[in-house]
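Participant: Next come the chains, spelled out residue by residue.
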Amino acid sequence: MLGYYLRLALMSFRRRPGISALMVLAIALGIAVCVMTLTVYHAMSGNPIWWKSERLYAVTMDNWDPNQALNPKTNLPPPEMTYKDAQFLYRSDIPLRKVVMYSTEGVVTGAGSQPAAEIATRVTTADFFPMFEVPFLYGAGWSRSGDSPAQPLIVLSRRENERLFAGANSVGRTLRWNDHEFRVVGVLDDWFPRPRYYDLNGGNFQEPDDAYIPYGWGAALQLQNKEENDCWRPEKLDNFQDYLASDCVWQQVWVELPDRATRERFQSFMDGYWAEQRSGGRFPRAKNNRLSDVAQWLRDNEVVDNDNRVLVGLAFAFLALCLINTMGLLLARFLNGAALSGIRRALGASRRQIFAQLLTEAGVLAVLGTVLGLALAALGLAAVHHLYAAAHLGQRGGYQELTHFDVTAVTWAVVLAVAATLGAGLYPAWRIGRLSPALYLKSQ
Amino acid sequence: MNLNLRPVLAALLRNRTGAVLVAVQVAIALAVLVNAAYIIVQRYQKVHRPTGIDEANILVVESAGFTARFQQNAAVQEDLAYLRALPGVIAATASNAVPLSNGGNNDSLVTRPDAPRAGYINDMEIDEQGLDALGVKLVAGRNFRHDEIQPGRTKLSISSFVPEIIVSRALAEHLFPQQDPLGKQVYDAGNQVATIIGVVDPVMGNFPGSDHPDWVFFVPRLPDEFIVVRYLVRTAPGQRDALMRLIESHLAQSNPDRVINYVRPLGYFKTLSYLADGSMEIYLLTVMGLVIAVTSLGVFALATFNVSTRTRQIGTRRALGARRRDIVDYFLVENGLVTGAGVALGCALALATGYWLSLHYALPRLDLYYLIGGVLALWGIGQLAAWQPARRASAVPPSVATRTV
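Going line by line, the protein sequences match chains A and Y. Reminder that position 400 of the first sequence reads as 400 in our numbering, one-by-one numbering, no gaps. Reminder that position 158 of the second sequence reads as 158 in our numbering, one-by-one numbering, no gaps.
None of these hints come from the bench; they were simulated from the model. Don't take each hint at face value.
[Stated by the list, open to error] Ranges of calculated distance between the beta carbons of each label pair, as one might list FRET restraints: (1) A:F316 with Y:Q388: 49 to 59 Å; (2) Y:A10 with A:N306: 23 to 33 Å; (3) Y:P364 with A:G3: 55 to 65 Å; (4) Y:H48 with A:F316: 37 to 47 Å; (5) A:T74 with Y:A11: 36 to 46 Å; (6) Y:H48 with A:E181: 50 to 60 Å.
[Stated by the list, open to error] No more than 35 Å apart at the CA atoms, straight line, and that leaves these computed lysine-lysine pairs for DSBU-like: (7) A:K236 with A:K73; (8) A:K236 with Y:K184; (9) A:K287 with A:K84; (10) Y:K46 with Y:K137; (11) Y:K184 with A:K73; (12) A:K84 with A:K73; (13) A:K84 with Y:K137; (14) A:K287 with A:K236; (15) Y:K184 with Y:K137.
Glycine is no exception: its CB is placed at the ideal position from the N, C-alpha and C atoms.
Taking the hints into account, I'd like the entire structure generated from these sequences.
Facilitator: Next comes the structure, spelled out in C-alpha cells:
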C-alpha cells in the first residue's frame, strides 16, 4: 500500500512541480536556520566534562572591596583567588585531587632550528592532568613532588610538539623556556574542551595552552597571570613578594570532591579559614565562599550569552513560520485535489486510506525538505566558518570550532522537521478525509 | 477603490483556514522583523560609536623580551627611534595594551584620598607621541613632554604612580561634574596623587565592551619591564600595509633577546572585539530576508489558490457587468483584510516579544516607530504579493460563466 501511496505522491508532485518545490524549500529553510543556530548553541552550552561535572569544583572566596563587589550585577566572588588563600587551601588533604594554576607566557628557544616564539604556558600543580582527564600522546605529567621545589619539566601540546619536534616523541629532549632549560616529560594528544571551563579568561572558547610547567616556577621566576590580575586594596606592591602577599586575585583553584561528605568537609574547611582570616581584618564583605561544580561555573560565568538564546528563539519562530506556510500550501493543494480524493472515496477507499495517502504525500515533502535543509545548513555553517577564517580570527580564538556540524543538533532538527511537517500535513489530510465525496463529484 | 467589504468578508468566513494560516504567518513575521530590525540598529550604533582614534591608519607591534640580558627600556627607545624615522610614520608610541582590544589595565581614580571606590577606569601608558599616535584630539591643557615620560616599572616599583595625567572628557565630567578639570588632583588605588594636565575628546580606550569605554586616563610612562610591549604606530593614509611588512622584517632581526609576536592593523583587534555583534547583524539580516520571502510566498499562494477555485464565480461577476478593475480590487481588499488581521495580531505579538526581550536580555524597550514601519512594510508586501494573482483573476473572461466544467 505504501508503495502505491508513494507513487500517487510523486504523480501529484509532477502535476504541480512549482508549488511542490516551494513547499520543500520552505521546510528546508526552516530546518537550515534551526540546525545552524542549534549547532552553535549546542557547542556553547556543552559541558565538556559532563561525566565528572558534579565532582569538579571551582573554588572562589569573596575577598573584595567592602564598598563594591568585583561584579556588582551578579555579586559573585572574584573568579580567581589571592596567592596566599590559594596556597592555604591547596595544603588541605580533603580533596581527592586539587589544582592551583594560572596561564602565563614564555618564549621557547633551543629546540632545533625553530625560530623563537612566545607561547601560552600554564603554571600548574601536578593534578591538572589526571583531574581534568587530559589525554597524553607521549609520556605523562609530573608528580606532586615536581611542583615545589620546581623541577625543570615541561609538557607540550600536540601542536607545539609538531612545531618544535616535527611531531616526534620528544620525551626526554630539552628546550629553553624564557631562557631556562626544561626537559620534556609529556606531549598531549589533541585536546580542546569547549568551552575551556577550567579557565574562562580571555574568551570562553580559547584553545588550551601550548605548554605546562610545574607550579613552583611561578614564584621562582616571578611569573604573572597573563590575563587577569585584579587588585582593589590600597596596599604597597613594591616587589613580587608584596604581590604574593597582597589581596590581588590571579590564582585559579579547582578541587575534585568525590562525594557529598567530602564536599561538606571542604566547605567547612573553607568557612573556618574565612572566619579566622576575617577576625584578622581580611574578607570585609559578607561570607561568600563558593564551591561551584562545572555546570554551575559555566552558568555563573554566562558562557552561553544572551545573543545565542535570542537566536535560538528566533530560529524556532522562523521554523514555525515555515511550517505554517507549508501547512497553508498543503491545504491549498489537497483542496485542489479534493475531487480526486472524492472519486477515490466513491470507488471504495476508506477515510483512513485517504488520510494515510495524503499523509504519505506530506511525509515525502518532509523528507525532501529535511535533506535539502541539512545541505543548506552545511553550506551555511561552511560560510560562517569561512567568514571567521577570512577575518584571520580563527587561528587561536576557537570560533571556527563552534561551526562543526554536530550530530546531536542535527538529529534533533531532523526529528523536529519530520514530525513538524507531518504535523503540518495532519490537519489538511484530516479535513479532506472528512469531506463528503458526493459534494466534489457533483461539482465536477 | 470601491470598498464593498461584506461579500469579501462573507467569502473569507466561509473558507477560514487558509486565511487564518496566512494571518498567523504575517503576525509572526511582524514580531520577528520589528524586533530583529531593532536589535540590528542598536548593534550597528554600538559598533560605530565614535572612538576618536584614527583606526584605519594605525598598526600594532607586540614585542616580548625573554632573556636575562634583555634591557626593556633601552630596547623600547631603540625601537621607537627606528619607527619614528621611517618615512610615512606620523607618530609612534609604546603602550601597555592595544586600544579597542578589550585587554588592558584598569585603576580606580577618586577625587579625595581614601574615598570609597566606584567603578573601574581604564588607564593607558603612552609617551609624548601617544596622543598623536592614536590620532586623538587634545581639547584642553597640554600634552606630555619628553622629559616627563617615566621608564617602565620594574618588579620593585609595581605600585608607583605618576605626577601628571591626561584624562578623557567623559572621565573629567564623571570625576569633576561641571568644573574645569585642569589642575585638579586625583588619587589612585594606592592613594597616590596625580594632577590633570590635559583633556582629550573623544577617546575610547582599551575596553569597548565595558560600561564606560570612554572613561580613560593616560599615564606618561613606558610599559612595565616584565610584560610585553606594544607599539602603536600611526601612518600616513595608504602606507600602513607596506610599513607593516617593512617593520616586521626589521624588528624580527634587530634584537636576539626578544621576539616579535605580531604586527597587525588596529582594525584586527576592533573586529575581534565586535565579532559577536557583527555575526549577530549578519545573522539577523539573513533571517529577516528569509522571513519576508517566506511570508510573501504564503500570501501569494493563498491568493493564487483563491483565484483558481473561484474561476467560475469571477466569470459570473464579469458576465454580470463587473469591470476588470473590480475583480482586482476584490482580491486586493480580501488580501488587505487578511494581512490587516495578521498585522493587528502581530502588533500584540511584537510588543510582547519586545517586552520579554527587554525583561530577560537587558535590551531597551522596543521603539514604537519600528512597529509602525513594520506594519506599513508588511501590509505593502502583502498587497504586492497578491497583485499578480489578482491581475490573473481579472483576466478571466466572462464566457467562463457559461461553461459547465
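Participant: Please write out, lowest number first, the hints stated earlier that are contradicted by the structure.
Facilitator: Numbers 1, 2, 4, 5, 13, in rising order.
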